[in-house]
Amino acid sequence: MSLTDAELREHLTRSSAKAGLSFPELVLPATHDVLLRRMRFHYLDWGTAGRPPIVFLHGGGLNAHTWDLVCLGLRRERHCLALDQRGHGESEWSPVMDYGTESHVGDIEAFVEQLGLDRFVLAGMSLGGANALAWAGRHSQKLAGLVLIDVGPEIRTAGTQKIQAFTSNQKPMESIDEVIERAMAFNPRRDRELLRLSLRHNLRQTPKGQWMWKYDQRHRGTVDPGAAERRRALLWDAVSKVQCPTLVVRGAQSDVFHDEDAERLAGALARGRWVRVPNAGHTVQGDNPAGLLSELRTFLGELGA
102 MSLTDAELRE
112 HLTRSSAKAG
122 LSFPELVLPA
132 THDVLLRRMR
142 FHYLDWGTAG
152 RPPIVFLHGG
162 GLNAHTWDLV
172 CLGLRRERHC
182 LALDQRGHGE
192 SEWSPVMDYG
202 TESHVGDIEA
212 FVEQLGLDRF
222 VLAGMSLGGA
232 NALAWAGRHS
242 QKLAGLVLID
252 VGPEIRTAGT
262 QKIQAFTSNQ
272 KPMESIDEVI
282 ERAMAFNPRR
292 DRELLRLSLR
302 HNLRQTPKGQ
312 WMWKYDQRHR
322 GTVDPGAAER
332 RRALLWDAVS
342 KVQCPTLVVR
352 GAQSDVFHDE
362 DAERLAGALA
372 RGRWVRVPNA
382 GHTVQGDNPA
392 GLLSELRTFL
402 GELGA
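Numbers given in our numbering equal positions in the sequence shown, counted from 1, plus 101.
Source of the hints: derived by calculation from the structure; they are not laboratory data. There could be a bad hint or two in this list.
Said to hold, decoys possible - Keeping only pairs whose Cα atoms sit at most 30 Å apart, straight-line, the calculated BS3-like set for lysine-lysine is:
#1 263 <-> 119
#2 342 <-> 243
#3 272 <-> 309
With the sequences and hints as input, model every part of the structure.
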């Protein structure tokens, strides 16, 4: 159950004020569906056409709307596009429950080809950042720049287990208030009333009036003991091949990605550097969008037009 235009406008107004951000105009994104590799994908187009493009990839369990304030902040300078990755948001669930990194990379390849993107900036957080890094390892010549937010080949198991415990609930929840309580316990940095609106991007209502997470959880509980090590090796291999300027962003309070992880990753990249965004945990764009916007603007300024 996504928000109506009026509800989205209300949420953007309230959340931007809470974040200390102001915009010359509060516009809503255009929404599009596109068929990629026999699956339907949904994305948000914030404009502005003709500006240098930047593509945003959300984290696991999230959706394209996690980038709303960031895209609003950049849309006068960049053509901002935010993709719902497979099994998330309004995009189709994989018919065969395939959510491996290689399949996500294939989706990005198809999306880039479909939209005719070249010399663009690719920014991803968590799952989206891992997918962006893996794609860039094959195609960094197409990129003007790469942004990896709170993720790298090395991440902290304790932090990821907390996220999985929060996001893996497959039982229906009786009310939005129940979801809010769980969300606030997981991340007390968030605003309770803003969550009442924003969480609806991530929820669907059952015929009985209960609430379920929108993203596909059918593969939860499937154990592949070698998956983590294969993903780690794939990402380190990609790091060695990325040649474009790369910004590594760490949430200062993240328990998933630590300073030493960011420093090691930035040092291994041919043209990498890293920054720390204060007052932010793992979901940097949600915890401190103003701080992330500041770092993104600096990086984009370094890239030029």
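The hints, checked one at a time:
With a C-alpha separation of about 26 Å, the suggested pair residue 263 and residue 119 falls inside the 30 Å cut-off, and the hint holds. Using a Cα cut-off of 30 Å, the hinted pair residue 342 and residue 243 holds, with the two alpha carbons roughly 13 Å apart. Between residue 272 and residue 309 the alpha-carbon distance is near 13 Å, which keeps this suggested pair within the 30 Å criterion.
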